[in-house]
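Student: Given the coordinates of chain X, assemble chains U and V onto it according to the supplied hints.
Protein chains in written order, with our numbering: chain X, 259 to 746; chain U, 3 to 127; chain V, 3 to 164.
Simulated from the structure, these hints should not be mistaken for laboratory data. In this text, a Cβ means the ideal position worked out from N, Cα and C, and glycines have one as well. There may be inaccurate statements among the hints.
Here are a few chain V residues that sit away from chain U, every Cβ distance over 10 Å (derived from the structure) [unchecked claim]: (1) Leu24; (2) Ile35; (3) Tyr41; (4) Ser49.
Pairs of lysine-lysine residues, derived as DSS-like cross-links and limited to a Cα-Cα distance of at most 27 Å, are as follows [what the hints assert, rightly or not]: (5) X:Lys365 x X:Lys620; (6) U:Lys108 x X:Lys620; (7) X:Lys365 x X:Lys285; (8) U:Lys108 x U:Lys39; (9) X:Lys414 x X:Lys621; (10) X:Lys291 x X:Lys365; (11) X:Lys414 x U:Lys39; (12) X:Lys621 x X:Lys365; (13) U:Lys108 x X:Lys365; (14) X:Lys285 x X:Lys620; (15) X:Lys365 x X:Lys414; (16) U:Lys108 x X:Lys414.
Residues of chain X clear of chain U, computed beta-carbon distances all greater than 10 Å [what the hints assert, rightly or not]: (17) Val289; (18) Asn311; (19) Glu418; (20) Val705.
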Amino acid sequence: MFSLTHAPILMVVILLTAAFIVPLLRKHLLVAKALFLGAGLLVTILSFLVAWNVLENGTMVYNVGGWAAPHGIALVVDAFAAYVSLVISVISLVIFWFAVFAPREVKHEVGYYALILLLTAAMHGIVMAGDIFNLFVFVEISSLAAVAIIAVKGTKESIEASFRYLILSALGSGGLLFSIALLFMVTGHLNMDLMRQTLEVTAGQYPLNVLTALAFMVVGLGVKSALFPLHIWLPDAHANAPTASSALLSGLVVKVYIVALMRIAYMTLGMELFYLLPIRQILLVMASLAIVAGSVFAIVQDNIKRLLAFSTVAQVGYIFLGFSLLSARAVEGAVWHILIHAIMKTLLFLAVGVVIHQSGYKKISQLHGLGRRMPLTFACITLGALSMVGIPGTAGFISKLYLALGALDAGQAIFAVLILLSSLLSAVYYFPLIITAYFGHDASPTVVEPSLAVQLPLVVLAIAVLFYGLMPSILLPLVRQTALLITR
Amino acid sequence: MSMEILERLYGNIYYLTSVILFVIGFHTMLTHRNLIKKLMALNIMDTAIFLFFVAIGYRQGGQAPILLPGVTSFVNPVPSALILTGIVISVSFTAFALALVVLLYKHYGTLDSDEIIAIRGKKHV
Amino acid sequence: MWLFWQFRRLCTKVNTMHDMVLEVVNRLLLPFIQLFGMYILFHGHLSPGGGFSGGAVIGASLILYSLTFRFARVKHRLDHDTSVFFEAAGALIYVAIGFVGLFFGYNFLTNRGVFPLGVPGQLWSSGMILIITLALGAKVSGTILSLFQELLEGGSDEHGNP
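Looking at chain X on its own, in the form it has when it is part of the complex:
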């Protein structure tokens, strides 16, 4: 009855259903928490099964309501979608755990869980959507939920940051909808596969429409994924959110919009068209600027969460760089970086959140000697920071290596130099954090480690950083297939 073919829609539906039930359980907090974690666990299992099935049997197409392509809405789970939804479900499960067991930061816990579930459901929907309007709807749900999980903290700063994020995000949505309208005008379809087939014929007749659509699309999704000049909302939003929200936003949400852009690029436009248009060069320039500027801004920050947020701007630049270099290894590097940055940034945000909650210090200059008070937490932070810099043996090294080799493959050695340079820059802003924490006089003898349940996600993520650094081969088939999809 429940064969594996239904798994993609079930992943979205289970999370959405849980999101609607959880707010009703205000009086039964334990049941709500169990449901929250249970939904996350179930979806993780399903996403493993889907990934395995995609590897074995190729792309899965699911027609909702039994209606086939021109009329119905399809979910298309190819290697890329399976890979990204695997990343989303695993990382979000870790964050779910943290949100349940970590000290309370928001007023209405059940509402917060519901928003997180909604956000996760929408992210799964974005990466699996085979219909461009469906993708838009999921993008909207995720934007709204992403704004809401910042505002739930209820402080002045978080509300102001989330309002700014909301306005810019709505601007981006407008751009995305406009570009969908322009593409619909040219093709008459909303199914991404049929759009590509039609565009092969009609793109030459209506070049202005396609070009305008692509411009709106890149700006729309660029705002949401904080591509460099459009990143201004990100530092405030990510720095003022509750800990679990920061991790979710920085680790996953930002990247999902890049995935949406890439899926539109290779499923709707086709890579030939993408090559012809000047978008690639623009993206290359913007990505390089993002890497440099994000790092430079991060160096001058004293607030730890703002530092991490600016580092996200730089890392988004890496992913865009890999995708726009378009050589096989560069794309593989970008695909790796989606997973590896998700692990590292989630680890860092969760660990820093724990440190801030236990000590009350928000600035690097206040951390003197805390490393000796909270050894396990700071060991995790150190590992995450080393991986961010790209020290061999950690996961961050793998993706940077692939990106640099890919830049050489594409014949553009300057970008390999850029990656090396930015590794140096990230050493400049991550090492002070570690050095201040371990050295200097011990100023805070009262600070203690949090409970083990809170530390478990940190340890799991730290082990994952080491594991992918030493044995990157475990997800290699999926990454290879994804790169093939994009570069074919």
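Tutor: Then chains U and V, alone, in the frame of chain X:
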């Protein structure tokens, strides 16, 4: 020559109007400091896009696509259906943004975005 | 702060206001508004309209009701938990309908082959669409009312999820 241009403009009057509305909304949203005005501009912008989308499916003399005897020319129903979804999304964005504006007013005592930034900046220094 | 207090004052004014004309006119008008909303809901599969439009009309009528009659008095009849419950119930019915298709061995949300389709143009036709429209109507009216209540309560609980 100029007649030809005018005719072309008239033929694309819906698209033209929607682009003008879009630019008005965009400009107001980025330049006005009042948060409520920003939201109104956001709605104007969304409406412009909805008009654009619905105009794609419009057909001169077309009727609602319901099977009735004597009706032969239909309007394309897909854009209208999509825009209904778009309107729902726009409504939820606006409602949420208004809730945020109420909270912002409670915390900062003003609706001027520049003043809010100034108050926040003072606290940082 | 000024606007907020004005808003609160307006709310308390709503609570204390006795306007005969408003109450009588609304007593007359409300049943028709709600009937019209129901009409749109039940004919969603036959004519333009459907879950969102009908739900919006009913939700607007409920807002009118709680604005006209003193908010405090109707609060026990239309409290926040009720609207949130309707919101969730509508969505859950939708999902349950979707799963019916799954249980019969078809895809999610399948209509043809699972539900009796009836004769096109009649009220009891089109299988699950009518049920889904009603569920959506419950969800939309619940959402609109609960958004209104959130704003009335001073935005203390600010998740306005769609």
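Student: Taking the hints in turn, state whether each one holds.
Tutor: Okay, the hints, checked on the actual structure:
no., hint, in the structure
1, Leu24, "holds (25 Å)"
2, Ile35, "holds (19 Å)"
3, Tyr41, "holds (16 Å)"
4, Ser49, "violated (7 Å)"
5, X:Lys365 x X:Lys620, "holds (21 Å)"
6, U:Lys108 x X:Lys620, "holds (26 Å)"
7, X:Lys365 x X:Lys285, "holds (14 Å)"
8, U:Lys108 x U:Lys39, "holds (18 Å)"
9, X:Lys414 x X:Lys621, "holds (19 Å)"
10, X:Lys291 x X:Lys365, "holds (15 Å)"
11, X:Lys414 x U:Lys39, "holds (21 Å)"
12, X:Lys621 x X:Lys365, "holds (25 Å)"
13, U:Lys108 x X:Lys365, "holds (17 Å)"
14, X:Lys285 x X:Lys620, "violated (34 Å)"
15, X:Lys365 x X:Lys414, "holds (14 Å)"
16, U:Lys108 x X:Lys414, "holds (9 Å)"
17, Val289, "holds (27 Å)"
18, Asn311, "holds (30 Å)"
19, Glu418, "violated (6 Å)"
20, Val705, "holds (25 Å)"
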